[in-house]
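Asker: Full structure from sequences and hints, please.
Spelled out, the chains give:
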Amino acid sequence: MSTTHAPEAIRAAVSEHAAEFRKTALATHLGEIAFEDVVRSLDPAILRCSLPPEYNDTPLRIGSAPLYVRRISESVVVQEELAWGDAGLVLAMPWATLATFVIDQMARPQIRETHYTRLAERSEWTFFAVTEPEHGSDPVAMETTIAADGDGLVIDGVKRYVGHGFRGSSGLVFCRKAGTSGPTGLEIAWIDAKTPGFTATELRTIGLRGAGLSELRFDGVRIDPGDVLGGKSSSTRRGLFGATRTFDMLRPGVGAMALGVARAAYDYVRAERRTLRSDEAAAMDRFAERIAGARALIAAAARAVDAQQPCGSLSSAAKLTAVRLAEDVTVASLRLLGPCARLDHPLMDKLRRDAQGFEFMEGMTDIQRQTVAQGYLTNRFWPAPTGPRA
Amino acid sequence: MNGTTLVPADLFRQCRATAFERGLEAALEQLAAEFAPERTVGHGGRAMLPEPLLARFADAAVTGTYPTDTGALALAGTGLADPADEADWSWRIGVAWVRVGAVERFTRTATDRLSRRRIGGNPTITLPLVRAAVGDVAAALGQAVGLLDAAVSAAEPPPALVEAEIGQALRTSWKFFGASGYVVDTASDTGQAITLLSDVYSIGFGGGR
Chain A
1 MSTTHAPEAI RAAVSEHAAE FRKTALATHL GEIAFEDVVR SLDPAILRCS LPPEYNDTPL
61 RIGSAPLYVR RISESVVVQE ELAWGDAGLV LAMPWATLAT FVIDQMARPQ IRETHYTRLA
121 ERSEWTFFAV TEPEHGSDPV AMETTIAADG DGLVIDGVKR YVGHGFRGSS GLVFCRKAGT
181 SGPTGLEIAW IDAKTPGFTA TELRTIGLRG AGLSELRFDG VRIDPGDVLG GKSSSTRRGL
241 FGATRTFDML RPGVGAMALG VARAAYDYVR AERRTLRSDE AAAMDRFAER IAGARALIAA
301 AARAVDAQQP CGSLSSAAKL TAVRLAEDVT VASLRLLGPC ARLDHPLMDK LRRDAQGFEF
361 MEGMTDIQRQ TVAQGYLTNR FWPAPTGPRA
Chain B
1 MNGTTLVPAD LFRQCRATAF ERGLEAALEQ LAAEFAPERT VGHGGRAMLP EPLLARFADA
61 AVTGTYPTDT GALALAGTGL ADPADEADWS WRIGVAWVRV GAVERFTRTA TDRLSRRRIG
121 GNPTITLPLV RAAVGDVAAA LGQAVGLLDA AVSAAEPPPA LVEAEIGQAL RTSWKFFGAS
181 GYVVDTASDT GQAITLLSDV YSIGFGGGR
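First to last, the sequence lines map onto chains A and B. According to this note's numbering, the first sequence is numbered sequentially starting from 1. According to this note's numbering, the second sequence is numbered sequentially starting from 1.
Do not rely on the hints blindly, as some may be mistaken.
Facing chain B, according to a computed beta carbon distance under 10 Å, are these residues of chain A, among others [to be verified]:
#, residue
1, Pro133
2, His135
3, Gly136
4, Ala200
5, Leu203
6, Gly207
7, Leu208
8, Arg222
9, Arg335
10, Cys340
11, Arg342
12, Asp344
13, Arg352
14, Gly357
15, Met361
16, Gln370
If you only want the chain A side, here are some residues facing chain B, beta carbon under 10 Å, derived [unchecked claim]:
#, residue
17, Ala6
18, Ala9
19, Arg11
20, Thr131
21, Val140
22, Ala141
23, Arg160
24, Thr205
25, Glu327
26, Leu343
27, Phe360
28, Met364
29, Asp366
30, Arg369
Heads up, simulated EDC-like pairs for lysine to aspartate or glutamate below, C-alpha to C-alpha not over 20 Å straight-line [what the hints assert, rightly or not]:
#, chain 1, residue 1, chain 2, residue 2
31, B, Lys175, A, Asp328
32, B, Lys175, A, Glu132
33, A, Lys194, A, Asp224
34, B, Lys175, A, Glu134
35, A, Lys23, A, Glu36
36, B, Lys175, A, Asp138
37, A, Lys194, A, Glu121
38, B, Lys175, A, Asp366
No lab work stands behind these hints, which were simulated from the structure alone. Glycine residues also receive a C-beta, built at the ideal position from the N, C-alpha and C atoms.
Answerer: Okay, structure coming up:
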């Protein structure tokens with residue numbers, strides 16, 4: 001693992017990139033510029049910022065030291081800063097995919113090599129397909145199947161709300177072994193998007209448009225048995241295990257992006273409303289405190305992930321807190337900007353729309369509340385080690 | 001209130017019912033029948049109405065069209081003064097009633113959907129946390145209706161809390177649609193239209209320039 005950097009040093013290293021993100025935020029949201037074109041025009045240092053050292057010869061730098069954003073505690077700082085600029089563009093980054101985390105943990109070396117080579121050399125996107133149209137991400141009800149067919153396997157089903165789906169050159173798909181039911185029997189398979197039988201359609205969203213949500217159809221998609229992840233592990237260590245662990249790892253990042261949007265809205269109001277009534281100023285002061293609180297909780301959850309401690313409930317608390325904050329700040333900001341603020345302040349309208357989207361990423365608020373409660377009641381809520389503070 | 005358009009209180013309640021049963025356009029048409037066109041102008045001289053009603057203005061410049069589950073509303077600049085400047089709140093109070101009915105319709109659509117969907121083999125609507133959230137929506141709308149009723153009785157504009165309660169109910173209901181409510185489709189279109197209607201015709205506002 002590379003040198004440990006203080007959060008504030010990381011923040012300073014990324015702030016210029018965040019300002020660049022802001023320049024295209026409204027144009028991409030309104031469809032005047034394609035996210036893909038903006039991504040390909042970015043500084044390679046930010047385009048590859050979370051790639052492993054062996055695939056990244058242009059890392060971010062703090063002084064003379066390289067910054068490979070491989071720890072979650074580093075990633076959340078980068079995500080918060082960049083989301084301040086444009087959360088949509090953060091989600092359009094090729095590295096912003098759940099698939100990377102699963103591939104790192106569970107894929108055989110050849111898949112990992114293919115994944116990172118495509119990312120490093122061609123900035124290609126990867127999807128992670130879990131959610132289904134009628135069942136959400138309920139593993140018990142999952143209907144996409146994987147079945148033996150000769151010496152290969154065949155995938156059939158439909159996935160929906162999959163990030164990068166239409167632009168991905170490859171991805172992971174969550175599916176059920178034919179003939180099984182319940183939470184067991186689930187597998188994660190790697191597929192190339194050029195495989196016959198695979199089609200992807202973009203779904204236009206009201207915000208966070210860089211995510212590239214899509215509907216994916218698998219109509220007799222043939223794969224090699226070696227492309228099932230964790231194939232040599234026990235059934236309890238793959239499939240649902242991989243997804244659960246990934247979600248636990250990624251929730252602090254979702255919280256960090258929501259926090260970045262909250263900060264962006266807060267800063268926007270501060271810039272537009274130079275004078276505030278006393279009650280308005282008090283409300284803004286309270287938001288500043290909540291921003292600091294959410295950042296501290298996200299940092300604690302990220303440190304727990306990095307320490308490989310059980311972190312599900314703390315990660316959920318981080319996401320829950322930040323998503324609520326983003327909603328409250330953006331709603332209040334529109335009010336503070338006066339009547340018809342959505343029409344007169346289009347960036348603020350975009351921030352509000354973006355804030356709405358975090359609710360649906362990696363589990364909705366009510367799910368997070370239950371996870372937090374379960375962790376708290378079973379004394380697994382506070383595993384966070386000490387470390388660099390945000 | 002100076003220059004107030006006098007509207008029978010029952011009409012407001014009927015408009016709420018119309019919004020619930022037939023949608024935003026029908027309710028706004030019913031309400032607008034009681035008002036001169038210049039009295040249906042909102043903040044900044046804007047009007048947000050079914051497009052045929054904009055023909056009542058001499059110089060309406062349409063700047064956007066917002067689909068709903070039952071049609072569409074058009075946003076236009078009218079070049080006319082905001083009647084709230086003369087303390088005529090009647091139209092906005094009527095629109096608040098319409099928005100209550102629209103959110104009730106929106107919520108019913110959402111809960112019907114949750115009744116059809118299942119988690120772990122059970123209808124989603126039976127989950128305690130989901131039902132608690134439905135209760136939150138009902139309580140928020142109940143408070144809004146209570147404040148609007150009281151305002152009608154007192155012949156005064158209701159407090160800005162009405163806006164907060166209707167807005168909170170809408171946002172909570174919107175989440176019932178899950179990710180499908182975040183995709184540009186009927187649910188999100190309708191949610192956006194109700195939201196923008198509240199911006200154009202808000203009763204009270206805490207901010208300023």
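Asker: Now look at each hint and say whether the structure bears it out.
Answerer: We went through each hint and held it up to the structure:
| no. | hint | in the structure |
| --- | --- | --- |
| 1 | Pro133 | 8 Å, holds |
| 2 | His135 | 8 Å, holds |
| 3 | Gly136 | 6 Å, holds |
| 4 | Ala200 | 15 Å, violated |
| 5 | Leu203 | 5 Å, holds |
| 6 | Gly207 | 7 Å, holds |
| 7 | Leu208 | 8 Å, holds |
| 8 | Arg222 | 29 Å, violated |
| 9 | Arg335 | 5 Å, holds |
| 10 | Cys340 | 5 Å, holds |
| 11 | Arg342 | 5 Å, holds |
| 12 | Asp344 | 8 Å, holds |
| 13 | Arg352 | 9 Å, holds |
| 14 | Gly357 | 6 Å, holds |
| 15 | Met361 | 9 Å, holds |
| 16 | Gln370 | 7 Å, holds |
| 17 | Ala6 | 36 Å, violated |
| 18 | Ala9 | 35 Å, violated |
| 19 | Arg11 | 29 Å, violated |
| 20 | Thr131 | 7 Å, holds |
| 21 | Val140 | 6 Å, holds |
| 22 | Ala141 | 7 Å, holds |
| 23 | Arg160 | 8 Å, holds |
| 24 | Thr205 | 5 Å, holds |
| 25 | Glu327 | 7 Å, holds |
| 26 | Leu343 | 7 Å, holds |
| 27 | Phe360 | 4 Å, holds |
| 28 | Met364 | 7 Å, holds |
| 29 | Asp366 | 4 Å, holds |
| 30 | Arg369 | 7 Å, holds |
| 31 | B/Lys175 with A/Asp328 | 15 Å, holds |
| 32 | B/Lys175 with A/Glu132 | 17 Å, holds |
| 33 | A/Lys194 with A/Asp224 | 14 Å, holds |
| 34 | B/Lys175 with A/Glu134 | 16 Å, holds |
| 35 | A/Lys23 with A/Glu36 | 15 Å, holds |
| 36 | B/Lys175 with A/Asp138 | 17 Å, holds |
| 37 | A/Lys194 with A/Glu121 | 19 Å, holds |
| 38 | B/Lys175 with A/Asp366 | 11 Å, holds |
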